[in-house]
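Visitor: Just so we're aligned, residue -5 is where the sequence shown starts under my numbering, counting upward by one.
Simulated from the structure, these hints should not be mistaken for laboratory data. Among the hints, a few may not be true.
Below, in silico cross-link-like pairs of lysine-lysine (DSBU-like), each with a Cα-Cα straight-line distance of 30 Å or less [what the hints assert, rightly or not]:
| id | residue 1 | residue 2 |
| --- | --- | --- |
| 1 | K41 | K147 |
| 2 | K113 | K174 |
| 3 | K39 | K147 |
| 4 | K71 | K113 |
| 5 | K20 | K39 |
| 6 | K43 | K113 |
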Amino acid sequence: MGGIPHSALVALAHTVLLWPYLQNPKIWIFIAFLGITHLFQDSYKIKAKKDGFAFYIIDQLMHVAFASCVWFTDLTKLQPPPQSDNFWISLYNNDVAILYVMAFLLVTYNGHWMIVSFKQSYPKALGEYTHFDRWYGMIERLLAVSMFFLGGKYFLLLPILFCARFIVYAIGRNTSAIHKGFISPRTLLFSWTIALVIGAVCFNILQ
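Construct the complete structure from the given sequences, taking the supplied hints into account.
Guide: Listed below in structure tokens is the structure:
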């Protein structure tokens, strides 16, 4: 995706996420700051034709660093919206729900691009990575992280979820969508490391 459309979507996403505070002019300034810095980063990435795992990690850390600039403003003193019967406000004030949304984005979209960038740097490390791998991996990681949010006996479902990939492979191995790399140890290790690390961090935060 081009730099301008992608940066515009980033700014739109921040606008949606900060909707209770849009009456504050400083919020709009910060949204513009995030959109512009995102655009500069993406423009550099496109012109420099930078790809690969290391650059992806640096790029993501820079996004986090720019977003963290909010701690140098008085926007951190804004109070949560008053509780009400409004569903969206209740959801917005629900820390667990917000944490789950963040985990959702990290293990699905970000997890996918982390694997893609790793594949670009080390093409032989993970083997083939198909469209089916992409979607199955995102759903698998999301379900794994969900077990950490549910906790308790739901942890017992993690080994079942892990084994489910081998069952899917056994059923669909003769189709063009599923190949042997689908169950390669390196693919499993990388994908499940993303899920378990994010899940463990969220579990710790919830305690």
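Visitor: With reference to the structure, classify each hint as holding or not holding.
Guide: Taking the hints in turn, this is what the structure says about them:
1. About 50 Å separates the Cα atoms of K41 and K147, which puts this hinted pair outside 30 Å; it is violated.
2. Restraint check for K113 and K174: satisfied, since their Cα atoms lie roughly 16 Å apart, inside the 30 Å limit.
3. Only pairs whose Cα atoms come within 30 Å are accepted, and K39 paired with K147 is rejected, the gap being roughly 45 Å.
4. With a CA separation close to 42 Å, the supplied pair K71 and K113 exceeds the 30 Å bound.
5. The hinted pair formed by K20 and K39 meets the criterion: a straight-line CA distance of about 29 Å does not exceed 30 Å.
6. For the proposed pair K43 and K113, the alpha carbon gap of about 16 Å is at most 30 Å, so the pair holds.
This entry does not satisfy hints 1, 3, 4, going by the numbered hints stated previously.
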